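**Student:** For the sequence shown, the positions run -28 to -1, 1 to 343 when mature numbering (1 follows the signal peptide of the UniProt record, and there is no 0) is used.
Note that these hints are calculated values from the structure, not bench results. Hints are supplied without guarantee of correctness; some may be wrong.
Said to hold, decoys possible - Pairwise CB distance ranges, derived in the manner of DEER restraints:
# : residue 1 : residue 2 : range
1 : Ala5      : Lys325    : 41 to 47 Å
2 : Glu20     : Lys325    : 49 to 55 Å
3 : Glu318    : Asn253    : 24 to 30 Å
4 : Pro223    : Ser2      : 31 to 37 Å
In this text the structure is predicted, and so the values were computed from the model without any measurement. Just so it is clear, CB atoms sit at the ideal spot from N, CA and C, and this is done for glycine as well.
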Amino acid sequence: MRVVSYVALTTASLLLCLVAPSSSPAYRDSFTAEQKAQLEKIQTVRVEVLMLSDKGPIEAAPIAELVAQRLSELGYQTVGDASKPNDVFFKVKCEQRKTWEGTTTAGGDADLPDAPSRLWKGPACQLTYVLGDMKIKWQKEVRASFEDSVSAAQATNAGDPAVFAMANLKEKLNQYDFPVLLAAEWGQLDRLLKLLDAPDTPQIRKLKIISLLGDMQADEALPKLKAALKDKDLSKQAAVALGNMGKEGIPVLVDILKHSKQPELQAAAAKGLGDLGNTHNDSSVVLPLLEMLDAPGVDITVQTEIAWALGRVPDRRSVQPLFELDKKLQKIRQDPVDPKMKKLKEAVFWAIKQVYTEDQYSSAETHSVHS
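Start from the sequences, fold in the hints, and give me the full structure.
**Tutor:** Given below as structure tokens:
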């Protein structure tokens, strides 16, 4: 069986890995300690693949073999026989024309690029797993690059639309990094760290792992994220991941913001500080952000992220510096308008609204307490 090379990923796959919302599910908090321990110990995965054409079931072996091969990349063993010992049941259902309705059309998980889509009726594979008798809410969907398999097959003289659709889905499954997502879902940090360190791990996969390490908020991942900051290809995603960690990431991000010579990395650090300050209600991030808000030579993209970050962590100390920068920006007249300047003005205006409203509210509250 020929397996499409993992490194042959499309640009779209790269963007999906970098800009997709956090995949850390809130429902995991409802797992018992015993269930979490079960997930962390998963080693043998029972795999079941069902392939359905418009005319009924078709041979599932090609995709079953692919799924097993992909899981083995992370060291998992797979079985297909339900009578054999296994730790978890992983199901893949591929259809020429998807019949299951999926989630709501918008909002919540429906906005994630790989969430089941109620609107999609074309070829798709749905991925789920079952732990014991408990079906987990983890659901992913891989869609073909076309919705009408009959028209697509005719346009390319590909023959049987069902065969054409399943071949396309197989390629998409090979590009979609579900094994890494499962390892993160199951809390198996060691597998991810081992893969991150492996010299033959593709860069795109390392980026995804770094993103997931931030979502997992595991203290053991902090040294790896710090090390990734030194790799110019991984540093931006590592800074974003640090923004998802606990307060331990703040000093690292402050150092990047103040001393890095890469504007993209500084901007990511500013965003991370805003995320941490907002999540943990930690105003210690405000002064470092203010120091760099209008520092000599600061890049405009960095200023923009700093402004957004200050708006997310409202603090009265930000009011005057933001007003001063806004006054300075209003004097700048450009024709045509520089898109970067437009974004900076919008960010500063938004931050002022957030901070000034908070300051007025805090002042009124303080006055009422002392009156």
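**Student:** None of the hints should be skipped; say for each whether it holds.
**Tutor:** A quick look at each hint next to the structure:
no.: 1; hint: Ala5 to Lys325: 41 to 47 Å; in the structure: holds (44 Å)
no.: 2; hint: Glu20 to Lys325: 49 to 55 Å; in the structure: holds (53 Å)
no.: 3; hint: Glu318 to Asn253: 24 to 30 Å; in the structure: holds (25 Å)
no.: 4; hint: Pro223 to Ser2: 31 to 37 Å; in the structure: holds (33 Å)
Checked against the numbered hints given earlier, this structure breaks none of them.
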